[in-house]
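There are 2 protein chains.
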Amino acid sequence: MHELVKELFLRKFDNPILSKLTDAAILEARDKRLAFTTDSYVVRPLFFPGGDIGKLAICGTVNDLSVVGARPLFISCGLIIEEGLDYSTLELIAESMREAAELARVKVVTGDLKVVEKGSADKLFINTSGIGGIDDGIQLSTKRIEAGDRIIINGPIASHGVSVLSSREGFDFESRIESDLAPLNDLISTALCASDQIKFMRDPTRGGLATTLNEMASASEFGIMIEETDIPVDDDVKGVCELLGFDPLYIGNEGKVVIVVGPEDVEKVCECMRAHELGRNAQIIGEVVAGPKQKVCMKTLIGGTRIVDMLVGDQLPRIC
Amino acid sequence: MHELVKELFLRKFDNPILSKLTDAAILEARDKRLAFTTDSYVVRPLFFPGGDIGKLAICGTVNDLSVVGARPLFISCGLIIEEGLDYSTLELIAESMREAAELARVKVVTGDLKVVEKGSADKLFINTSGIGGIDDGIQLSTKRIEAGDRIIINGPIASHGVSVLSSREGFDFESRIESDLAPLNDLISTALCASDQIKFMRDPTRGGLATTLNEMASASEFGIMIEETDIPVDDDVKGVCELLGFDPLYIGNEGKVVIVVGPEDVEKVCECMRAHELGRNAQIIGEVVAGPKQKVCMKTLIGGTRIVDMLVGDQLPRIC
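Protein sequence lines, in the order shown, are assigned to chains Z and H. Residues 199 to 518 (this note's numbering) make up the first sequence, in order. Residues 199 to 518 (this note's numbering) make up the second sequence, in order.
Read the hints as simulated data drawn from the structure, not as lab findings. There may be inaccurate statements among the hints.
A pair counts as met if it fits within one copy or between any two copies, since identical chains are not told apart.
[To be verified] Straight-line C-alpha distance at most 25 angstroms; calculated BS3-like pairs for lysine-lysine: (1) Lys-218 x Lys-491; (2) Lys-210 x Lys-321; (3) Lys-204 x Lys-316; (4) Lys-305 x Lys-210; (5) Lys-305 x Lys-230; (6) Lys-230 x Lys-491.
Every value quoted in this text rests on a predicted model; they were computed, and no experiment measured them.
Produce the complete structure using the sequences and hints provided.
Here it is in structure tokens:
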């Protein structure tokens, strides 16, 4: 089994670096600055509308590299498999990793496989770490954020979390909600080319848009004001959230990026994102304000203003 | 719990890159060639004589970088924690990771933490990925291996696997066998400085010395002949192996390196390794021979010669 699975992944990720099978992959580095990130994926169930744990593991790491302004280059893949997992399941997941890596133009160059006894893991966990190269001149930092900067998101929120939760609990909603899972490197590099006034980016994954905005505000000297009416949420996602008592602001996304951009370039960046498949519904959702400092506030539908807090307590478990 | 554990590891690994808490760590790259590796650690039990899963996760990745000739620089740390694991256990493991990282002079620069429900993992799994820099002039490759090259190991084999197995099964042997777990980067860089005739290296972890030698032979055009009398095995390790019916050649190590070196420099490399604490018992154990091609043979104690095969079937599970 161990050898079969190893061969399966070697075949899928076939490239000259990986196929050397040295203890560590040897890479040519052309960039002066590198980005390095890691994430373990424990999503349950392994398959959900719009993706699976394999696509998630590639896209998630690609996106973590992209939002710091890096071009994703190399990915590692560490599998922890529970004994007894179907080989056919692994084949589907390996193929979806291959497709995602091809789409994002990254190479899986090194890997590891551990098999544990039945009951010692839940089917499959995947760790991907990634290395990206950062072009000279790219400087993304919360330190660059100023009052007056605008906040853009590339499309409607909360579909990933709702998709995973619905398929986990076996809800049978009228419309099947698909995860927004996608590699954002192409969209982000397009935006970065369009403007040097992009100050900071983050992908609103675990904890959703509210958490990401709070992290941005906390790390800056300013506050953030968003407009409830401007935050894109698809109607079916909104419906499920209302039904289950979830606030879409706190639901994780896997194909969204929040961009802070200087006011002079905000239209240019929006235009250029809307020309990209993954940014068709890009929207300005708010702006950086002088105060209240380090807080996120929202102008509500009915005209009031409320504080959007950090989530207290547990976030939705195992959606990534 | 999630926040507590995150803070614990941030405190232990404190450094300016990690503390920025960006989605990906930003690194300055000074090397033209990089090494990149990943390993998930699922060792059971979490603590064993001579180490624990945390020290193992740092040393294992440090060693995988070192044997390809790289200076280990940056490490990522992905934790998968089973709900209910004691915080005090995590404190011990975090501290031992910190110590190992300090000893190996590597920085843990990025991390991830996932908590899964009770029963969905076995206490704790750790993935570490690592980046190393490769000096100009270093060229380690099985392609450089030639007949006449000598094979060195830095000390007695099989203590790691025996140590983990003994503590897992609760054997109460007279002498407590300690794992050889150690970061080898300093020893290896000393050896590389001493000679440019070091052709190839590998750390004989899972599958032990026999597997590593077979992998080397398979990847070259030559055979390998080792001398049973020259292979260092501590008496207590030998005793336990005899008792349990294990062959020390197939038992995993975590502080050993097998080095292939040209005959003209073999004494020089041995001397220089013996001057290092982790190479005190370095020994020439055999040589590269014209044939039988891609096979490993061993001159036995009683004067015969036998083939040392690849291990068929399962290797000892969860010793790393």
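Next item on the list: State whether the alpha carbon distance between Lys-305 and Lys-230 is at most 25 angstroms within one copy, between copies, both, or neither.
Entry: This pair counts as both: shortest intra-copy Cα distance 20 angstroms, inter-copy 18 angstroms.
Next item on the list: Pop the pair Lys-305 and Lys-210 into one bin, within, between, both or neither, using alpha-carbon distances up to 25 angstroms.
Entry: within (11 angstroms within a copy, 32 angstroms between copies)
Margin query: As a check of your reading, is Lys-204 near Lys-316 (CA-CA no more than 25 angstroms) within one copy, between copies, both or neither?
Written below: within (19 angstroms within a copy, 29 angstroms between copies)
Checklist line | Intra- versus inter-subunit Cα pairing at 25 angstroms for Lys-230 with Lys-491 | finding: This pair counts as neither: shortest intra-copy Cα distance 35 angstroms, inter-copy 43 angstroms.
Item checked: Within, between, both or neither: Lys-218, Lys-491 at alpha-carbon 25 angstroms -> Between copies only: 20 angstroms across chains, 53 angstroms inside a chain, cut-off 25 angstroms.
Next item on the list: At 25 angstroms max between alpha carbons, let me know whether Lys-210 reaches Lys-321 within a copy, between copies, both or neither.
Entry: Close inside one copy (20 angstroms), not across copies (31 angstroms); limit 25 angstroms.
Comparing the model with each earlier hint shows a violation of hint 6 alone; every other hint is respected.
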